[in-house]
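One-letter residues, chain by chain:
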Amino acid sequence: MKVAILVFPGSSCERDCYHVLTKVFGLESELVWHTETDLARFDAIILPGGSSYGNYLRPGALAKFSPVMDRVIEAAESGTPILGIGNGFQILLEAGLLPGAMLANESLRFQCHPQDIRVEVDRTPFTHGIAPGTLLNLPIAHGEGNYFIDQAGQARLEANKQIALRYVGSNPNGSVSDIAGICNEAGNVVGMMPHPERAAEAVLGSVDGQKIFKALINYWEAKK
Amino acid sequence: MKEPTPLQIRDEKIWRSMGLTEDEYDQICTTLGRLPNYTEVGMYAVLWSEHCAYKHTRPFFKLFPTTGERILQGPGENAGVVDIGDGWAVVFKVESHNHPSAIEPYQGAATGVGGILRDIFTMGARPIAALNSLRLGDLDDEKVKYLFKGIVAGIAGYGNAVGVPTVGGEVYFDPGYAGNPLVNAMAVGLVRHEMITTASASGVGNPVMVVGSETGRDGIHGASFASGELSSDSEEKSPTVQAGDPFVEKLLIEACLEAIESGAVIGIQDMGAAGLTSSACEMASRAGSGIEIDLALVPCREPGMSPYEIMLSESQERMLVVPKKDAVDEVKAIFAKYGLPAVVVGKVTDDGMVRVYDGSDLAAEVPAKSLSTDGAPTYVREAKRPAYLDQTQSFDISTIAEQTDYTQDLLDLLDSPTIASKQWVYEQFDHLVQLNTVVAPGAADAAVLRIKGTKKGIAVTVDGNGRLVYLDPYQGSMGVVAEAARNLVCTGAEPIGLTDGLNFGNPEKPEVYWQLQQAIQGLAEAARELEIPVTGGNASLYNESSGQAIYPTPIIGMVGLIEDIDLRMTSSFKDVNDVIGLLGWPGSELGGSEWLKLKVGEPQGQAPVIDLGREKALQKACLAVIRSGLIKSAHDISEGGLAVCIAESCIQGNLGAEVNLPWPGRLDGLLFGESAARIVISAAPENWDKLHELAAQYGVPLTRLGRVKAEEVVFATAQGWSVISSSVGSLKTAWEQSLPKRLS
Numbered sequence: 001m002k003v004a005i006l007v008f009p010g011s012s013c014e015r016d017c018y019h020v021l022t023k024v025f026g027l028e029s030e031l032v033w034h035t036e037t038d039l040a041r042f043d044a045i046i047l048p049g050g051s052s053y054g055n056y057l058r059p060g061a062l063a064k065f066s067p068v069m070d071r072v073i074e075a076a077e078s079g080t081p082i083l084g085i086g087n088g089f090q091i092l093l094e095a096g097l098l099p100g101a102m103l104a105n106e107s108l109r110f111q112c113h114p115q116d117i118r119v120e121v122d123r124t125p126f127t128h129g130i131a132p133g134t135l136l137n138l139p140i141a142h143g144e145g146n147y148f149i150d151q152a153g154q155a156r157l158e159a160n161k162q163i164a165l166r167y168v169g170s171n172p173n174g175s176v177s178d179i180a181g182i183c184n185e186a187g188n189v190v191g192m193m194p195h196p197e198r199a200a201e202a203v204l205g206s207v208d209g210q211k212i213f214k215a216l217i218n219y220w221e222a223k224k
Numbered sequence: 225m226k227e228p229t230p231l232q233i234r235d236e237k238i239w240r241s242m243g244l245t246e247d248e249y250d251q252i253c254t255t256l257g258r259l260p261n262y263t264e265v266g267m268y269a270v271l272w273s274e275h276c277a278y279k280h281t282r283p284f285f286k287l288f289p290t291t292g293e294r295i296l297q298g299p300g301e302n303a304g305v306v307d308i309g310d311g312w313a314v315v316f317k318v319e320s321h322n323h324p325s326a327i328e329p330y331q332g333a334a335t336g337v338g339g340i341l342r343d344i345f346t347m348g349a350r351p352i353a354a355l356n357s358l359r360l361g362d363l364d365d366e367k368v369k370y371l372f373k374g375i376v377a378g379i380a381g382y383g384n385a386v387g388v389p390t391v392g393g394e395v396y397f398d399p400g401y402a403g404n405p406l407v408n409a410m411a412v413g414l415v416r417h418e419m420i421t422t423a424s425a426s427g428v429g430n431p432v433m434v435v436g437s438e439t440g441r442d443g444i445h446g447a448s449f450a451s452g453e454l455s456s457d458s459e460e461k462s463p464t465v466q467a468g469d470p471f472v473e474k475l476l477i478e479a480c481l482e483a484i485e486s487g488a489v490i491g492i493q494d495m496g497a498a499g500l501t502s503s504a505c506e507m508a509s510r511a512g513s514g515i516e517i518d519l520a521l522v523p524c525r526e527p528g529m530s531p532y533e534i535m536l537s538e539s540q541e542r543m544l545v546v547p548k549k550d551a552v553d554e555v556k557a558i559f560a561k562y563g564l565p566a567v568v569v570g571k572v573t574d575d576g577m578v579r580v581y582d583g584s585d586l587a588a589e590v591p592a593k594s595l596s597t598d599g600a601p602t603y604v605r606e607a608k609r610p611a612y613l614d615q616t617q618s619f620d621i622s623t624i625a626e627q628t629d630y631t632q633d634l635l636d637l638l639d640s641p642t643i644a645s646k647q648w649v650y651e652q653f654d655h656l657v658q659l660n661t662v663v664a665p666g667a668a669d670a671a672v673l674r675i676k677g678t679k680k681g682i683a684v685t686v687d688g689n690g691r692l693v694y695l696d697p698y699q700g701s702m703g704v705v706a707e708a709a710r711n712l713v714c715t716g717a718e719p720i721g722l723t724d725g726l727n728f729g730n731p732e733k734p735e736v737y738w739q740l741q742q743a744i745q746g747l748a749e750a751a752r753e754l755e756i757p758v759t760g761g762n763a764s765l766y767n768e769s770s771g772q773a774i775y776p777t778p779i780i781g782m783v784g785l786i787e788d789i790d791l792r793m794t795s796s797f798k799d800v801n802d803v804i805g806l807l808g809w810p811g812s813e814l815g816g817s818e819w820l821k822l823k824v825g826e827p828q829g830q831a832p833v834i835d836l837g838r839e840k841a842l843q844k845a846c847l848a849v850i851r852s853g854l855i856k857s858a859h860d861i862s863e864g865g866l867a868v869c870i871a872e873s874c875i876q877g878n879l880g881a882e883v884n885l886p887w888p889g890r891l892d893g894l895l896f897g898e899s900a901a902r903i904v905i906s907a908a909p910e911n912w913d914k915l916h917e918l919a920a921q922y923g924v925p926l927t928r929l930g931r932v933k934a935e936e937v938v939f940a941t942a943q944g945w946s947v948i949s950s951s952v953g954s955l956k957t958a959w960e961q962s963l964p965k966r967l968s
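For the record, the sequence lines run as chains A and B. With the working numbering, the residue at position 135 of the first sequence is 135, and numbering never jumps. Take the position in the second sequence, starting the count at 1, then add 224; the result is the number in the working numbering.
Only chain A is shown next, with the shape it has when bound in the complex:
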């Protein structure tokens, strides 16, 4: 399996994802600059965190115009596993690959701390094999992670089993229904605010994030 990690101007978690995929999991992985127009050689795509285009206008609002996004949309339609983390989630929302929108945290402050998360569905490539109800402790680090969707949209998310992750304990940002991550209807596109790559080595305090990447590997193995 070969994983593309997209790099937008202003991305900052691409090296972290690259480190975890290659050094912790030994996966083949490549940093792909946002002007790339061919993603055919990749089996999965990660949109990492950071502040693409300085988060100007709205987080993700400018990155969606990057040339590579046309290929991401095609890949999403063809069923390629795609994961957006933090700012990557925001880009997927702005690009219309996931429903809803992101508001500023209720506190109006950036928040960086460990957070308990519950996995809600196992039908996505990134939660494959993780029993729903499993608790993960993953760091969050965002100023605009307050997920919003209207009631009808929320009902559709519930009905289609698109709510992938929820905050447990306290809701750190005011998101609707404690949503920490969602997937598209098909399940192959996932966006999440917590950072699994920051909890993938024991030396960093938690290895719960490994489960997200292992899920992708297991999904891939199963599909083969």
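Any given hint could turn out to be false.
Simulated pairs of lysine-lysine, DSS-like, Cα-Cα distance not exceeding 27 Å [what the hints assert, rightly or not]:
1) B:K821 with B:K369
2) A:K23 with A:K211
3) B:K823 with B:K367
4) A:K211 with B:K676
5) B:K821 with B:K367
6) A:K214 with A:K224
7) B:K608 with B:K733
8) B:K679 with B:K844
9) A:K211 with A:K224
10) B:K676 with A:K2
11) B:K679 with B:K840
12) B:K840 with B:K680
13) B:K844 with B:K856
14) B:K561 with B:K571
15) A:K214 with B:K676
16) A:K64 with B:K561
17) B:K840 with B:K856
18) B:K679 with A:K214
19) B:K676 with A:K23
20) B:K561 with A:K2
21) B:K965 with B:K373
22) A:K23 with B:K679
23) A:K23 with B:K680
24) A:K64 with A:K2
25) B:K733 with B:K237
26) B:K798 with B:K914
27) B:K369 with B:K965
28) A:K211 with B:K679
29) B:K956 with B:K821
30) B:K646 with B:K856
Which chain A residues stay away from chain B? Per the calculated CB distances, all over 12 Å, these [stated by the list, open to error]:
31) E77
32) G79
33) A101
34) G129
35) I130
36) D150
37) I163
38) V168
Just so you know, the hints here were simulated from the structure itself, not pulled from any lab data. By construction, the Cβ of each residue, glycine as well, lies at the ideal position given by its N, Cα and C atoms.
Given chain A, put chain B in place with the hints provided.
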């Protein structure tokens, strides 16, 4: 606007409004052999400002120890470089952004972060950590709340967006900083030895390029503004505060590192204070070369900018690059990838002159050396011991009645914003990006970062204590160095280098000059005795508002090396029944303490006496007990004394403690005194005897104080009388809620 002529500048003394003295103006005329024009006077005025030229502090720099076997680059470059083995080196420096932050807290603090990061990556190093040291007035004051929120948001807004973790710092609140807050930013980078790059313009005929943001009219004379006192009309100077763009900075980091890695770059220099003027003359002066630039080629934000404006602009996120002659296109291509302009504006010459053209017109022509730090005048002033010391030193502690119970005092201290948890602050900073933060803010006396691909880690801290320095600049400053080092050794790191940030009032006042002189002597003495080389620093003088100087506040940024990251240490108690011990010498000095501040407000008494021999022995012993694997926690005793130190270890571990004070003396001093050379450790009971022996090998006492309990926190006298009794939950609430409740 028509610029004044050289004659008008002389006759109308226009140089005065730029901050130059008559002697300095005369020196410029002598150097040039003619009257300087408007642009030239402006260039000299900014580069000879206190901020750029260190006119009052430079004569002291020779006191600092600056060499050591790990030192790859000492003072004089953008940042110091220290070897950590395995082909890696760390690059670090501290810098002040006090005046801008007083006027525009968000942008002032944000651009402080941007500037110090540029000092790091111009050395070829990837920034891996940022820290900050903040001092403000009383947090119950509305203006202070506004400044504090803005400063923290500015640091967060900039640091988070550039993907550099903000891993540590310190925050003090004291009315002494009400009119003039202090914002010092520190950054740390990591570089392979072979990638270390310097800021020198060598190779005659090599091109000179301006890269990064376009030049605008912002920040003109910012360095001069930073070199004067704040006054009631300072807010009118907000146009001299630059606005930062962290997005461009992020692109600039990536582009510069890529260009340096490509081998195309000979020298690179940030355009910080004094912008193009300082970068051009510093680069030329370091290389002993000259530089010729044509301002008509510099990309500008708006048309019609004069040479004066372009040379003095402090627009952020710009660099001056000297590439190899045949590598211009390669450099342009790298910057184009990131959407950044990279334009050849001139070339390196061999005649030692900075020659500035505006198209075909010669706009300025000055010897590079005369503009540089080495060419600027220095001042040695009259020093006079301040009269206030007679009053503070005659303070009599017996005027304060002893109490039978100190539980409320402990709660009050934990609730005081200076001592309270800084979670409200550091949670606004992304302190985890880059995946190196193995000891996060709040878990130990310093943050610890791993060095990927090795077993090693580095610990980083920034420390100061203006109240103690105010009471005794010499002892107090030695104490600051000692405490920074103690903070590092409490994580298991051996200190390997320090950077100093000198924040003082107006040095033209004899009393302030005396503080400066005494403080630098103390810093230098401590650095020498503890064998921690000084790799560079920053001076911010004229920190006064309405004629009132701040407390003299030297701050120390320090980096330590941990050979085996698995042996890092944190400050929380870990297990019930573990023995709690004091490593070091018992002490109970209350002078200048936070407890005394609760009782009398103003700093009073004598600052704790620093015995550097004991400090050195203690620090070696602490490293030895950590490396032995026999202890579970180490926490330095500082603000709030022994009681606060133990309370913090309890709160962090969510455990209690039973402590018996085995010494005679005033209880308040034993509990809350801030004597130096003391570290509280905890260990499994079976390791106690071995620890005792180990400490004795270093000549350091280890005193048993008590044990870790499940929930209760109790301090008792030798006779068994309880003097503090609380649950860890109550202590935790006071400590954790202090900032949120004041800032909600």
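What are the numbers of the hints the structure violates, in ascending order? Of the numbered hints given earlier, the structure breaks none, since each of them holds.
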